[in-house]
Structures are given as structure tokens and as C-alpha cells.
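*Asks:* Listed below are the residues making up each chain.
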Amino acid sequence: MRYLARRLAQFIPTLLGVVLLVFLVFNWVGGDPAYILAGKIANPERIEEIRRGLGVDQPYWVQLWIFVKQVAVGDFGASWSTNERVSQIFATRLGPSLTVLIPLLVVSTILAMALAMLVAYCRGSLIDRTVMIACTVAQSISILVYILVFQYLFAYKLGWFPVQGWGGTLGVNLFAYAALPILVGVVVSLAPDIRLYRSFFLEEINQDYVRTARAKGLGEGRVMWLHVLRNAAIPIITNVMTMIPGLLAGAFLIERFFSIPGIGREVILAVERSDFPVIKAITIYVAIATMVVNLAADLVYRALDPRVQLR
Amino acid sequence: MRVLLLVVGFCALGAHAADPAKILRITFQAAETGFDPVKVSDYYSGTVIEAIFDPLLTYDYLARPAKLVPNTAEALPQISEGGRTYRLKVRPGIYFADDAVFKGAKRELTAPDYAYSLGRFLEPKNRSPYAFLFEGIAAIETPDRYTLVIRLKQPDLNFSHVLAFSLAGAVAREAIEAYGDESAARPVGTGPFRLKRYVRSSKIVLEANPGYREVVRDGERLPRIGGVEISIMEETQSRWLAFQRGETDMEYQLAEVAPTFITAQGTLRPELARRGIQLERSIDPEIIYLYFNMQDKTVGGLAKEKIALRRAIAMAYRIEDQIRIIRKGQAIRAHYPIPPGVAGHDPEYRSSIEHDARAANALLDKFNYRRGTDGYRRMPNGEPLVIRYSSTPSERDRQFDELMKRSLDSISVRLEIHKDRFPELIKLENQCRLMMRGAAWIADYPDGDNFMQLLYGPNSGQSNNACYRSPEYDKRYEKSRLLPHGPERDKLYREMTRIMETDTVWLLTDSRYRNVLLQPHVKGFKKHPVLHAEWLYIDLALPR
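Same order as they appear, the protein sequences are chains L and S.
When we follow my numbering, the leftmost residue of the first sequence carries the number 115, and every step to the right adds one.
When we follow my numbering, the leftmost residue of the second sequence carries the number 778, and every step to the right adds one.
Keep in mind the hints are simulated off the structure, nothing from the lab.
Note that beta-carbon positions come from the ideal geometry of N, C-alpha and C, so glycine has one too.
Among these hints, one or two may not hold up.
What the hints assert, rightly or not - Just so you have them, the derived chain L footprint on chain S, three or more residues with Cβ under 8 Å: (1) 887-898; (2) 967-978; (3) 1260-1274; (4) 1281-1294.
Stated by the list, open to error - Once the Cα atoms are required to be at most 30 Å apart in a straight line, the calculated BS3-like pairs of lysine-lysine come out as: (5) S/K980 to L/K271; (6) L/K154 to S/K1268; (7) S/K1300 to L/K154; (8) S/K930 to S/K1268; (9) S/K883 to L/K154; (10) S/K1256 to S/K1268; (11) S/K880 to L/K154; (12) S/K1196 to S/K1182; (13) S/K930 to L/K183; (14) S/K1252 to L/K183; (15) S/K902 to S/K973; (16) L/K271 to S/K1105; (17) L/K154 to S/K1252; (18) S/K1252 to S/K930; (19) S/K1182 to S/K1081; (20) L/K154 to S/K1182; (21) L/K154 to S/K844; (22) L/K183 to S/K1182; (23) L/K183 to S/K980; (24) S/K1268 to L/K271.
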């Protein structure tokens, strides 16, 4: 409990650091939004009027204090370009992002674990070398290429999936529109995941407890699926959990090409429009999600391995 | 009673011709920002607004150049006091689309609705990007329920175009007040369509407004289609593949892949034509140009050697390469500041500035811009000559940078590329602090005045990005403002163009083609220069 309280207390200085960084970066490279919002022709009085309306005419310390208060109460106001509440933006964009990300993570993790265990088990064999070479090649290809080729081949040429789109129900989205983006995501993440998880499995396979289990006459299946998998799962789960916040905001290419109204696409839109309320909310949410997920990963680690002590 | 109900039902069916089975599927390449007319400036939001709201005036769908016609007004405005007063009458019997805000009652469109809607552009809290179009209004009066009198601060014979502007449609005060910040997502208008489903930045579904007034074309009541389904697709590949797969009915944002469906002669490739795909090609009512800051100490001013320097740079610039390489052939050379399709355009006019690097070099030699030991030219007083060209860090602008570098290399003039974010460039431009930059202007309304004002001295720091102040130009511009479109005003425009060209303030480069691809079942489409929601006039041949 003390551990939990200490970790939660550490959130505050970390978050303040993020707030300061976001504020400095935006004011340094963001540009004056009044000149975008002013339209084609605007006189200096109108520009000043807009700056007043946005609050960017205030001294920097006042703007920073407003930002800190917004983070404290979790209300980032409304988007500068659409007037939509930022909370509403997140509430409506999270669902589509998760519709793609959850199946993607589940499928890719299961597949990568199974394949990694296989190649780790037959380390040095032809299968191992072939899979490793294939992974290296696959990893060196940009995600953009996968998207372009898969969209062209599976959607346009073969017609197995719609080229793009998003429907009104979960069933339609999951099985029609999200299927191809999930496939692309799985293929892209398989190669690095297999390489990483293979190293986790190899580390476990060489442990004394594995040798002991074999010496006691346990079958290979039981050794691998019960003992090795359970121990290798700990860093794998940590890895998967820490990927989630980044994936939410980082899936913008998939979301743009397949017209999925998710968070990643919103990030790009906000950057293109210099929409500071949305940018700062996304940054703060991702920072908080990262901290929470890291904490959760540590707790899961402890639950899976009683030897781990949280101090 | 049953018979009466049947008759009423039959009449209602006949009165509303829109076929709910006919849904037009189109795409936007960028997300909309909302549907409150005073709060938007982007093309996409404006297109949807045009379909939902009704301005007093509009343009004839087929007439070229664009021709003003009454929309919800009974007739074109009565203009008096030399263009200072506009009087219009709103047609009785036009109703807003049903909405909960009206509590089940029919809500008629009246003159005070327009007074309120136009006035909103000038309310500071709305931060309207198009406030500049309405700043000339001194007062709006509504002597009776249907009469609207607009008094202007200065005479303006082009104000009718402002009344036809697609964002100048009528909103209902009670809807705006009831929905507040949400009004951008809850549009209530009198137009042919109404919003049915809206997922911001993803999907906009419109349905034919069942209470739309009677508008008949070719014996059929409009709109013929039951709705429009708009998908936001940012990526060209997605739009192109979706169109080819038949997932969309119309596509007009494929400039990057135009050579894959258009031949060098500008016709549709035979394999697409064989499938019945249609191509509708038009020139956008826009001009693209390079401007020199006339207040800059290196390139500005009206001294002969400064004019010679600007002229030499303009002559060195390779417009043909810009069209061939950057535009992939999908543009035409712009000679006149008023583009085709806009009142005042002169198709016979030819720019006196043609690409000729040899003549440009000779001109610089004549005015003592001598080459230094490093091979680059110096100012006549011996100081280094560096042209500072500003652009954004985008991929598209990098192509322009390279073209500019090659062009200036051909006359041995050193180029420095100044990179900055778009808002910062606009800020510097408004302060007359950029030396040279590329710019574009698309018509807000299809009249030459909208373009010629770009060089009017008092507009420096606003739309006059060259900060050009020429008494000769300004005198003619002020005179042109008091003239209607016609030979007398056209003559003034030609003179103004020659003055600008002699001073070499701009180098007009090009105007882009708009290539609209249509599936075989789309009927009745013709691209209008300034109307964008042509859906009112379109029909779809069923079954698909």
C-alpha cells in the first residue's frame, strides 16, 4: 500500500514536468493560432480580438497556470478549430481506436508468443534461422508499405475487405471495417515481437528450473507450456502493457488510410490545425496512461512472480 | 376519412420527389470543422453548409460565367444610392427544417432571420473568418416581416455577391441560442438537405429535407436524390481505390494521381471511359502567384534597378516546369489576375513576362548587378545580393524551393530559403516583413473585384501581401468599385493589370484544373465555379 501511495505521489512531479515541456514546446514551435483562425483577410484589431478570445494575449505564466488548473480538474476546454469539447473528442474517438487495438494486441501477442516459443525451442535449427531472417526483413519494411500493399491487394484487387470506412455498430466495424487494419497491424508487429519474445523464452529455457523439470521426467510440452511460458509471460505482459498508450496515439497511419475515426487521426488533425487544447490534452492523457500502465505492469509482475518485492 | 388520408398521402408523395434509395457517396480529403456558417473558413464545412442553409441569392447552376439569381429572395436586390442601399424581399412560405427547437411548430423564414444571420458575422465572440466580407454593412433594417434593407458604409456594387455567398445562409436565432456551442454540430436551415448523422472528422450523412420548398428543374422537383453520405478520407490511395471499387460515386481530389486517369490531352484514359466513368474538367476560380514585398529594401520600391531585378527574377522562373512537374500537368498558365469563370476575366490578355533566362541575365547586366568572384551577382552598389524566399516545411513547398533555386541559379542570383510555420509566415506577411513568397487566392465570389483588391494599397497588411502602394493602381481600383461588371470596368482592370505587371509586383503562375470523376450512374453534374454542393441538381440512375 505504501508502495502504491509513493508511486502515485511520483505522478505529480512527472506530470508537472510534462506540462511544462508541452507548454514550452507549443509556444516555441506552435505558431500564433490567431493567424490561422483569422481567415483570409484580417486586420490587426481582429487578430488581437481573436488572441484575446483564446487567451494567448495573457502573460506566459498566466497561460501556464490555466494549463495546470485544466490538468488538475481534467477539463481542457474546447477545440480551437471546431469548438467541440475536448472531453467529447476523446469520448467519441476512444471506441474506434480500441476496436482496432484490442484485437490487434490480443492476436499479435498470442501469435508472436507461439512462434517465439517455437523458434526458441528449436534454436539454431533451419526453422529458427528462417524465421529470424524473415523477421529481420519484415521489420526493415515501413508500415506505410504494408498499408499500401495490403489495401491494394486484399481490398481493391481481391475484394476481401472494404477499402476503407467505419460503420455504426461494433459488429460491422469489428468484422468488416477493422479486419484489414487489424491484419496490417498484426503483420507489422509480429516481426519485432517474435524477436523480442524469443529472447525472453531463450533466457527461461536455459534456467535451472527447466533442467530440473526435465530431469524429473516432465514432458517437453508441459515444460514449455507450463513452466517456461509462465515465466516468460512476465516481461511479455510488461511489454504489451507499456505499448498500449503509445499505440493509441501512434496508430494514426492505419487510422488515416482506413478512415477510422480514432485518437491517432485526431492527433494529426490537431497538429495540422495548431489546436493547442487538443494537443495538450492528448499529451497529458498519454503521459498519465503511461504512468498508470507502468504501475499496473509492476503490480501484475508482482502477482505473477511472488519472488518480486515492490519497495 | 380514409380517402382523405390517401389523397393527402399521395399529394405529399408527389410533392417530395427525393428518392431515399438514391444516396450519393462522396469523400472529403480533409476533416470539416463544423456547420455554424459564421465560424468556419474551410472548403469542406462550407460545402455542407451550402446544402443545409439558404442565402438570399445564389448562382444559376449552368450559366458561365457565374450569374446571380434569386434564391430565397423574390428577386435580385433593388440597389439605390449608387450602391449604398440594398432592398430585398424574402419569399413567404419558406420554412426551416423541422427541429426539436421549434417545439413541433412550422417555423417560417423571415427578413429578421437574415438580419440576425448577417449580423452574427460581425459579433466578436464568433471570431468569424469571413467577417471581412460583411464589414461594409452600416445597418440592417426589417421594415416588415419579409423586407430587408441593408445600408452600407460605402457604395459597393458587388455586395449582391456577398448575399449569394454560401455561408450567408439564414440561421434561426432560437436554434443558435438553444444549441450554443453545439450549434456547429446541430445545423438547422431551410436548404435542400438536413443533417441526419454526424461523426466528426469521419462521416457526415445528409438527407433530403422533406419540407424543402418547391424548386423544379426539367419538370422534376429538386433534390432528386434522397441523401448524401460523405466520408472523410485523407489519403489519396484510399480515395482512388474506393472510387475504382465503386465504394464512392464522385471523386474530385485526386490531383496527385491525375496522370493515372487522364491522358496528356486532358481526356479520360480509355480503360476508364470504357467502364462508363465520366470526367468533368474545369479550371478552379483561383490564381497562384509569386509576390515581391514592395517595401523590402532589396527587391522593393519603384526605382528602375529594383524593377529590373524583380523582372529578371520573374523571367528566370520556370512556370512551365511548375505546371509540368509539380502540378503534373493539371494546371494552366495564369496570365490575368482574374481567373476564368470569374466576371472580369480577359481570355485574350497575355502577360508580358515570359520565361527568358538570357534576357533576364542581360537585364541584370544592364543595371549593374555584376557577378562577384563566387559567381553570384551583387547589388549595383557592390553589396551581396541574396533573395530570401519564404515557404513552409511541407513536402510540396520543398518542390517549389528546388524550382526557385534552379531558376535563380540560371541568372546567378543567390537564393536563401526561409522556412517557417504557416501562421508565422502569415504574421510576417501581414507586417510586410517577407521578401518573396508564393501565394494563392480562390474566389470568395465570382467577381473580378475579389481579385483586384489584392493589390489595393490600403489592403496592405491584410490581403495585399505584396504591400504594394501605387497611386495609379489605387485610383483606378477606387473608380472600378463604383462600376458594375461591364466593358468600362474591364478596361480599368486591364490597365491595372498592366501597371502591376510593369512594376512587376507579382508573377502570375497558374490556375489548377479540377478533375471530377463520376461513376456511370451519376447524372446531371456540372462543376460550378463557386457553388460546391451541386448535389441539389444531381440524379442517380438506379439500380447501381
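*Asks:* Does each hint fit the structure? Answer for all of them.
*Replies:* Here is what the structure says about each hint:
{"no.": "1", "hint": "887-898", "in the structure": "violated (count 0)"}
{"no.": "2", "hint": "967-978", "in the structure": "holds (count 4)"}
{"no.": "3", "hint": "1260-1274", "in the structure": "violated (count 0)"}
{"no.": "4", "hint": "1281-1294", "in the structure": "violated (count 0)"}
{"no.": "5", "hint": "S/K980 to L/K271", "in the structure": "holds, 25 Å"}
{"no.": "6", "hint": "L/K154 to S/K1268", "in the structure": "holds, 27 Å"}
{"no.": "7", "hint": "S/K1300 to L/K154", "in the structure": "violated, 35 Å"}
{"no.": "8", "hint": "S/K930 to S/K1268", "in the structure": "holds, 26 Å"}
{"no.": "9", "hint": "S/K883 to L/K154", "in the structure": "violated, 37 Å"}
{"no.": "10", "hint": "S/K1256 to S/K1268", "in the structure": "holds, 11 Å"}
{"no.": "11", "hint": "S/K880 to L/K154", "in the structure": "violated, 39 Å"}
{"no.": "12", "hint": "S/K1196 to S/K1182", "in the structure": "holds, 14 Å"}
{"no.": "13", "hint": "S/K930 to L/K183", "in the structure": "violated, 45 Å"}
{"no.": "14", "hint": "S/K1252 to L/K183", "in the structure": "violated, 55 Å"}
{"no.": "15", "hint": "S/K902 to S/K973", "in the structure": "holds, 28 Å"}
{"no.": "16", "hint": "L/K271 to S/K1105", "in the structure": "holds, 26 Å"}
{"no.": "17", "hint": "L/K154 to S/K1252", "in the structure": "holds, 24 Å"}
{"no.": "18", "hint": "S/K1252 to S/K930", "in the structure": "holds, 19 Å"}
{"no.": "19", "hint": "S/K1182 to S/K1081", "in the structure": "holds, 24 Å"}
{"no.": "20", "hint": "L/K154 to S/K1182", "in the structure": "holds, 28 Å"}
{"no.": "21", "hint": "L/K154 to S/K844", "in the structure": "holds, 24 Å"}
{"no.": "22", "hint": "L/K183 to S/K1182", "in the structure": "violated, 49 Å"}
{"no.": "23", "hint": "L/K183 to S/K980", "in the structure": "violated, 34 Å"}
{"no.": "24", "hint": "S/K1268 to L/K271", "in the structure": "violated, 56 Å"}
Checked against the numbered hints above, the structure violates hints 1, 3, 4, 7, 9, 11, 13, 14, 22, 23 and 24; every other hint is satisfied.
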